[in-house]
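Asker: Those protein sequence lines, which keep their order, are chains U and D.
All residue numbers for the first sequence refer to the numbering used here, where the first residue is -12 and numbers rise by one.
All residue numbers for the second sequence refer to the numbering used here, where the first residue is -12 and numbers rise by one.
The hints are simulated quantities; they were obtained by calculation from the structure and are not laboratory data.
Mixed in with the good hints, there may be bad ones.
Note that the list lumps identical chains together, so a pair holds whenever it fits in one copy or between two copies.
[Said to hold, decoys possible] For lysine-lysine, the following DSS-like pairs were computed, each having C-alpha atoms within a straight-line distance of at most 30 Å:
| id | residue 1 | residue 2 |
| --- | --- | --- |
| 1 | Lys302 | Lys138 |
| 2 | Lys138 | Lys274 |
| 3 | Lys2 | Lys274 |
| 4 | Lys216 | Lys99 |
| 5 | Lys208 | Lys353 |
| 6 | Lys208 | Lys138 |
| 7 | Lys216 | Lys138 |
| 8 | Lys2 | Lys230 |
| 9 | Lys2 | Lys208 |
| 10 | Lys63 | Lys353 |
| 11 | Lys302 | Lys63 |
| 12 | Lys99 | Lys302 |
| 13 | Lys99 | Lys63 |
| 14 | Lys63 | Lys208 |
2 protein chains.
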Amino acid sequence: MNLAEEMSRLARQAKAASRSLAKLSTAEKNACLLAMANALEEHGPAIQRANELDMAAGTQAGLTGAMLDRLKLDEKRIASIAKGLRDVAALPDPVGRILDERLRPNGLKLQKMTTPIGVVVIIYESRPNVTADAAGLCFKSGNATILRGGKEALNSNRAIAEVLVSAGRGQLAAFSEHAIQVVPTIDREAIQELLSLTQYVDVCMPRGGESLIRAVAECSKVPVIKHFKGVCHVFVDADADLKMAEEIVMNAKVQRPAVCNAMETLLIDRALAPAFLPVIANRLSEKNVELRVDQEARELLNGQDSISNTQTRIKLASEQDWFNEYNDYILNVRLVEGVQQAIDHINYYGSAHSDSIVTRNEARAKQFLAEVDSAAVYWNASTRFTDGGEFGMGAEIGISTDKVGARGPMGLDELTTYKWIGIGNGQVRS
Amino acid sequence: MNLAEEMSRLARQAKAASRSLAKLSTAEKNACLLAMANALEEHGPAIQRANELDMAAGTQAGLTGAMLDRLKLDEKRIASIAKGLRDVAALPDPVGRILDERLRPNGLKLQKMTTPIGVVVIIYESRPNVTADAAGLCFKSGNATILRGGKEALNSNRAIAEVLVSAGRGQLAAFSEHAIQVVPTIDREAIQELLSLTQYVDVCMPRGGESLIRAVAECSKVPVIKHFKGVCHVFVDADADLKMAEEIVMNAKVQRPAVCNAMETLLIDRALAPAFLPVIANRLSEKNVELRVDQEARELLNGQDSISNTQTRIKLASEQDWFNEYNDYILNVRLVEGVQQAIDHINYYGSAHSDSIVTRNEARAKQFLAEVDSAAVYWNASTRFTDGGEFGMGAEIGISTDKVGARGPMGLDELTTYKWIGIGNGQVRS
């Protein structure tokens, strides 16, 4: 069987499985999730053996220590994956919710009801925990999953999926063996084949670095829900509470700089800069944050004795820097002339992910909230809150900066679509 | 300027216009829509002169009478377009609705609020009224539009768009001249260029025949919301009210056969076929509907004297016929063994558009409503109701059979996306 045939078979099987998944009751799905969690722990040693094959190959292939660490599955990590499935079992079923209901003058009752999407392809990088997390969320929302993890994690991913499917089938006769499938090859062409099968695959959600996501978006014929990167901003308005601004800026930058909702660029109203910039620059330098600043900010900082010892950590920002997602202890700083310039900067250089204004001025806050065209916009809060858990979604399959389909953090609800149900008593159209 | 540069300029202008459109108040938008409606009537003669150029070129190019009729704009049609804009002005503003609201334990208040999508490309065939209808709906929902109608209607479309923009600018200084733009060339490559500009264009909605829509979906790098075709079914269950089933079948097939929500295939429970099939075959033959039937239905019909005079209108259906959208006085008929076979037939051969079950049996109705994977599923009602007007949306920009983004009829609400707004008092993440 060639690659195209193999991918077609995989996708066709997933579509058939999605029909039977859509029929499962909430209780059936939850029982399967709990059985999967137990089986992961029970078969932990087998999963670890598969993982050791990946670790050995990875070491030989020269993966970095950080990459090997992401790849590794130990007992604690497996327990944490199992806990994740139990948490998903405890969440409300997202299928069958009535989003809208209307009774037409002719007596036809219309209901807009959530349904599973169908077949979801997840493409991700090395962490094998995504295999179980994504499969669990897709299963709870009634979707069949096709998983394509990093090539260095293939053995681990297959072992996890086998345990999940086997536990599901042990729990429930109606559980399809194709509900959760791992692409059995590391051939990159497999992705392109799979994402051309619009008759079977309903959506693709890539997770990982920008280059992976761009490659997927570029080749896919099926809808892709994604975010390329997180170039997030905090704008400190002229009427900001300075202490609040300090805490939000520090949290958005240094609490966890490697994640997509961390701040990359700080915008400060020019009027406030003399009072705020030296203070925040000092605090940031204590955390070894490199600043890339505009000319005006540099002049202001140069005039300050107190930060002269941190001069080596201050550079002039290049035009490209404003577009950068550093995921590191680096921060762009620009002074702006009021809220409109801040909004324009964000809409031009940003990635439509998460942006925040710090101000006591309600009119300017409302303008910022209305005009910044991002998935999540905050007033007096850190950008770091853009996260399924923080939003109360219970779990997250990813974050979207798209405008068609889900936007912002995606939990179980965002793994559903809807259909319209019309209940009549013989209505015909005149 | 070459084509790529020209399309890039068009799209960039649209994106800039979308920023200013998003700021308009409901009153400002409605005043512009009413001014546009008045201007269309006032400048009717100029629009008709432009239309006459298209009509003359179309006649010379050998367009059929039906195509020329679709192309024609007379005073009555222009009045009807103007009325459409006034109707849109009267509809509620879809922007700024709160879809969800949650207060997190840390005091952060989250609101999921509807916003405009941004830049919407509409690609359509010859009817020039779509130019104003689509522009009006997009404008009311705060989106900038780029319109690409049929090449035979270019003069008409440009004339309409000019009147709309000029009226908008006359009414409101903040109205951007790029809020509504017509692609100024009939070069087909323009579409491909435009739909590669993911940094400016947010969504494309093609309207027209399957080949147009497939071509757009195939080449587009931006999300496309679409339906390829409407292969709609009515399933007459064993427990159907026969008189109701007759009326629904006749309405779904012959009330307007050329539209996408008309029925193409009738499925009848085998148990009911002897009582129902001859009756409905007779009624359909009175309306000159050709039947393409399975072997079993043919044998049943052959045994009936009463319809022997209509034999020439009954053929055996081919495998391909079950996939066909006839948009004509032709109907497939198949006998099935119960509701599950009907559901399986629809999910395999259908187009996920609109399907109906006629039955008094609640359990089977619920199974059908749950398992038929279509945008609209009916119980005891005609498939013909899948329509923005019939759904109470006031107006319709199209119908979607997609699962990412809007599904079913699309009105103003379906021309919006959402953003998350987080309002805090200094919250940071721990």
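Asker: None of the hints should be skipped; say for each whether it holds.
Answerer: Structure-based check of all given hints:
Proximity of Lys302 to Lys138 under the C-alpha cut-off of 30 Å is found in neither arrangement, the shortest distances being 39 Å within a copy and 54 Å between copies. Taking the shortest Cα distances, Lys138 and Lys274 never come within 30 Å of each other, neither inside one copy (36 Å) nor across copies (61 Å). For the homomeric pair Lys2 and Lys274, neither the shortest alpha-carbon distance inside one copy (51 Å) nor that between copies (39 Å) is at most 30 Å. For the identical chains of this complex, Lys216 and Lys99 are inter-copy neighbours only, at 22 Å across copies versus 33 Å inside a copy, given an alpha-carbon limit of 30 Å.
Proximity of Lys208 to Lys353 under the C-alpha cut-off of 30 Å is found in neither arrangement, the shortest distances being 38 Å within a copy and 33 Å between copies. In this assembly of identical chains, the alpha carbons of Lys208 and Lys138 lie at most 30 Å apart whether taken from the same copy (23 Å) or from different copies (27 Å). Proximity of Lys216 to Lys138 under the C-alpha cut-off of 30 Å is restricted to the intra-copy arrangement: shortest distance 22 Å within a copy versus 39 Å between copies. In the homo-oligomer, the alpha carbons of Lys2 and Lys230 never lie at most 30 Å apart, since the shortest distance is 54 Å inside one protomer and 37 Å across protomers.
For a Cα distance limit of 30 Å, the shortest separation of Lys2 from Lys208 qualifies both inside one copy, at 17 Å, and across copies, at 25 Å. Taking the closest pair of Cα atoms, Lys63 and Lys353 never come within 30 Å of each other, the shortest separation being 45 Å inside a single copy and 45 Å across copies. With identical chains, the CA atoms of Lys302 and Lys63 are never at most 30 Å apart, being 43 Å at best within one copy and 67 Å at best between copies. For the homomeric pair Lys99 and Lys302, neither the shortest alpha-carbon distance inside one copy (54 Å) nor that between copies (39 Å) is at most 30 Å.
Taking the closest pair of Cα atoms, Lys99 and Lys63 never come within 30 Å of each other, the shortest separation being 42 Å inside a single copy and 36 Å across copies. Taking the closest pair of Cα atoms, Lys63 and Lys208 never come within 30 Å of each other, the shortest separation being 39 Å inside a single copy and 42 Å across copies.
The structure fails hints 1, 2, 3, 5, 8, 10, 11, 12, 13 and 14 (numbered hints given earlier, in ascending order).
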